[in-house]
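2 protein chains.
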Amino acid sequence: MNVVLIGSGNAATVLGRLIKSSGHVIAEVASPNAAAAQTLAKELHANAQTNIGAVTKNADIYIISVADNAIETVADQLQLKNKIVVHTSGAVSKNVLQNVSERFGVLYPLQSLRKESKHIPDIPLLIDGNTEETIQIIQTFAKTISKKVSHAGDEERLKLHVSAVIVSNFTNHLYALAAEYCKKERTDFSLLVPLIKEVAERIEIYEPQSMQTGPAIRYDAITIQKHLQLLSNQSQLKNIYEVMTASIQKFYQEQNGK
Amino acid sequence: MNVVLIGSGNAATVLGRLIKSSGHVIAEVASPNAAAAQTLAKELHANAQTNIGAVTKNADIYIISVADNAIETVADQLQLKNKIVVHTSGAVSKNVLQNVSERFGVLYPLQSLRKESKHIPDIPLLIDGNTEETIQIIQTFAKTISKKVSHAGDEERLKLHVSAVIVSNFTNHLYALAAEYCKKERTDFSLLVPLIKEVAERIEIYEPQSMQTGPAIRYDAITIQKHLQLLSNQSQLKNIYEVMTASIQKFYQEQNGK
Chain A
251 MNVVLIGSGN
261 AATVLGRLIK
271 SSGHVIAEVA
281 SPNAAAAQTL
291 AKELHANAQT
301 NIGAVTKNAD
311 IYIISVADNA
321 IETVADQLQL
331 KNKIVVHTSG
341 AVSKNVLQNV
351 SERFGVLYPL
361 QSLRKESKHI
371 PDIPLLIDGN
381 TEETIQIIQT
391 FAKTISKKVS
401 HAGDEERLKL
411 HVSAVIVSNF
421 TNHLYALAAE
431 YCKKERTDFS
441 LLVPLIKEVA
451 ERIEIYEPQS
461 MQTGPAIRYD
471 AITIQKHLQL
481 LSNQSQLKNI
491 YEVMTASIQK
501 FYQEQNGK
Chain B
251 MNVVLIGSGN
261 AATVLGRLIK
271 SSGHVIAEVA
281 SPNAAAAQTL
291 AKELHANAQT
301 NIGAVTKNAD
311 IYIISVADNA
321 IETVADQLQL
331 KNKIVVHTSG
341 AVSKNVLQNV
351 SERFGVLYPL
361 QSLRKESKHI
371 PDIPLLIDGN
381 TEETIQIIQT
391 FAKTISKKVS
401 HAGDEERLKL
411 HVSAVIVSNF
421 TNHLYALAAE
431 YCKKERTDFS
441 LLVPLIKEVA
451 ERIEIYEPQS
461 MQTGPAIRYD
471 AITIQKHLQL
481 LSNQSQLKNI
491 YEVMTASIQK
501 FYQEQNGK
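Protein chains in written order, with my numbering: chain A, 251 to 508; chain B, 251 to 508.
It is worth saying that the hints were derived from the structure and are not from the lab.
Keep in mind that the hints are not guaranteed to be accurate.
As the list makes no split between identical chains, a pair holds if one copy fits it or if it spans any two.
[Unchecked claim] Quick list of in silico lysine-lysine cross-link-like pairs, DSSO-like style, CA-CA up to 30 Å:
id	residue 1	residue 2
1	K500	K447
2	K333	K365
3	K447	K434
4	K307	K433
5	K433	K331
6	K397	K434
7	K368	K433
8	K476	K393
9	K447	K397
10	K368	K331
11	K447	K488
12	K488	K333
13	K488	K500
14	K447	K368
15	K397	K292
16	K368	K476
17	K500	K476
18	K368	K398
All of these numbers come straight from a predicted model, not from anything done at the bench.
I would like the entire structure built from these sequences, with the hints used as guidance.
Structure follows, in structure tokens:
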């Protein structure tokens with residue numbers, strides 16, 4: 251396929267690399283950020299375009315990969331008749347593109363994408379389209395760049411988006427809180443890396459509910475008290491500790507009550 | 251070394267396998283749980299012993315790997331003169347063993363150990379001992395079973411233990427909450443596995459503080475509102491969402507304020 255990529259941030263960059271390495275041609279990279287557009291266009295052997303309204307009309311698919319709150323602004327500048335146009339957001343309705351083309355939809359990568367990372371992780375794609383035919387075309391394209399493609403409407407996509415926030419943003423914040431704590435206490439956070447990886451890798455085989463360990467689920471009041479004592483001058487971390495401990499205990503009470 | 255293993259749970263089992271596969275001999279597995287002692291003893295080609303007070307006196311090192319609140323009970327039954335005796339807890343002082351032997355300490359695996367898992371993950375070991383000589387002996391032994399061995403006293407070990415709870419127990423709880431939510435909403439939690447793994451694997455290369463993404467750090471009030479709306483009938487998850495979102499914003503305000 252002949253692809254126009256609109257955007258030059260993390261998602262646009264990683265998707266662009268993946269699309270190109272899957273054998274498609276990136277005709278143009280469009281972004282008002284001229285430097286970023288040129289850098290990415292050069293990497294992808296594409297033309298750079300800083301005027302979004304002036305993108306080439308000769309591509310097959312237009313991928314709008316910009317911040318959620320910029321999608322509408324981009325859409326307002328585009329008139330693409332019956333070309334396939336998608337955005338890549340988990341939290342924005344496909345209908346924001348309804349005035350851009352007769353065939354519009356979504357190509358949402360359910361992954362955290364960072365352009366500085368050389369390796370491209372597995373990227374499940376949630377796709378959607380305004381008609382069965384559009385869904386089929388987007389799905390066929392998506393399958394050329396990912397082994398895991400699912401159809402999800404606006405609401406289901408948003409449900410997976412909030413789940414993604416919980417398992418990735420919140421998880422990363424716990425890592426950050428612990429790293430900050432270890433730094434303050436002059437102890438070595440890197441000792442925790444094998445543990446972090448092990449807990450994440452288990453998810454592929456075991457249900458997380460059945461893998462819960464630690465003082466909260468054991469109602470080990472002595473250890474919990476030792477921990478809270480240690481965190482007594484770390485109000486933010488202490489609050490998270492108390493909230494998560496209570497949540498773990500509530501969760502399993504409810505599970506056992508079923 | 252000739253090893254006696256006291257305990258038959260997850261940590262005892264995985265440590266036992268690791269010790270045996272590193273070329274040591276497990277002389278005895280001691281546990282009041284006869285069935286578990288026999289199963290583990292058989293796997294490790296060791297004798298099973300159900301009377302802890304009657305363990306062989308001919309081993310070099312005695313590893314007490316039982317629940318935190320059972321360590322003292324076990325210690326009360328042992329008199330081992332000058333044998334090396336360690337427990338494997340992150341949250342219990344080494345001094346709980348001071349009446350068992352003249353040479354006592356700790357061998358704490360900073361990892362989540364599950365006996366049902368066939369593969370043995372990397373296991374950093376935090377060791378301690380009551381004298382320099384004891385520390386040396388335990389350290390030498392620890393290095394034969396792990397590539398990552400550090401000395402940590404009671405307080406530093408407890409600090410790493412609370413950090414481990416934060417990055418593993420709390421993280422796993424977030425996975426469990428999201429899995430439960432996906433189940434209720436009949437959407438596919440397994441689509442989140444590549445994301446979970448990616449976020450964890452990055453820790454090896456990048457500081458988690460620099461990897462934070464998502465609506466909280468972007469102050470994306472529209473997306474946060476959409477998420478809270480979706481979670482409006484999930485009070486526990488909604489509470490966690492609000493607490494974590496506020497914590498992320500506070501964390502970076504403080505970081506930027508430095």
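Quick rundown of the hints versus the structure:
In this assembly of identical chains, the alpha carbons of K500 and K447 lie at most 30 Å apart whether taken from the same copy (26 Å) or from different copies (26 Å). For a Cα distance limit of 30 Å, the shortest separation of K333 from K365 inside one copy, 28 Å, qualifies, whereas the shortest one across copies, 55 Å, does not. In the homo-oligomer, the alpha carbons of K447 and K434 lie at most 30 Å apart both inside one protomer (23 Å) and across protomers (27 Å), since each shortest distance falls under that limit. With identical chains, the CA atoms of K307 and K433 are never at most 30 Å apart, being 53 Å at best within one copy and 43 Å at best between copies.
In this homomeric assembly, K433 and K331 never come within 30 Å of each other (Cα to Cα): the closest approach is 56 Å inside a single copy and 40 Å across copies. Taking CA atoms no more than 30 Å apart as the test, K397 paired with K434 passes between copies only; the shortest distance there is 26 Å, against 43 Å inside one copy. Proximity of K368 to K433 under the C-alpha cut-off of 30 Å is restricted to the intra-copy arrangement: shortest distance 28 Å within a copy versus 34 Å between copies. Taking identical chains as interchangeable, the C-alpha atoms of K476 and K393 lie at most 30 Å apart only when they sit on different chains, with a minimum of 29 Å there against 51 Å within one chain.
Taking the shortest alpha-carbon separations for K447 and K397, both the intra-copy value of 23 Å and the inter-copy value of 17 Å come in at or below 30 Å. Taking the closest pair of Cα atoms, K368 and K331 never come within 30 Å of each other, the shortest separation being 36 Å inside a single copy and 56 Å across copies. Both within a single protomer and between protomers do K447 and K488 lie at most 30 Å apart by alpha-carbon distance, with minima of 24 Å and 27 Å respectively. Neither within a single protomer nor between protomers do K488 and K333 lie at most 30 Å apart by alpha-carbon distance, with minima of 53 Å and 40 Å respectively.
For a Cα distance limit of 30 Å, the shortest separation of K488 from K500 qualifies both inside one copy, at 18 Å, and across copies, at 14 Å. For the homomeric pair K447 and K368, the shortest alpha-carbon distances inside one copy (19 Å) and between copies (16 Å) are both at most 30 Å. In this homomeric assembly, K397 and K292 come within 30 Å of each other (Cα to Cα) only inside a single copy, at 27 Å, whereas the closest approach across copies is 43 Å. Taking the shortest Cα distances, K368 and K476 never come within 30 Å of each other, neither inside one copy (42 Å) nor across copies (33 Å).
When the C-alpha separation of K500 and K476 is checked against a cutoff of 30 Å, the pair qualifies both within a copy, at 21 Å, and between copies, at 25 Å. With identical chains, the CA atoms of K368 and K398 are at most 30 Å apart both within one copy (21 Å) and between copies (27 Å).
The earlier numbered hints that this structure contradicts are 4, 5, 10, 12, 16.
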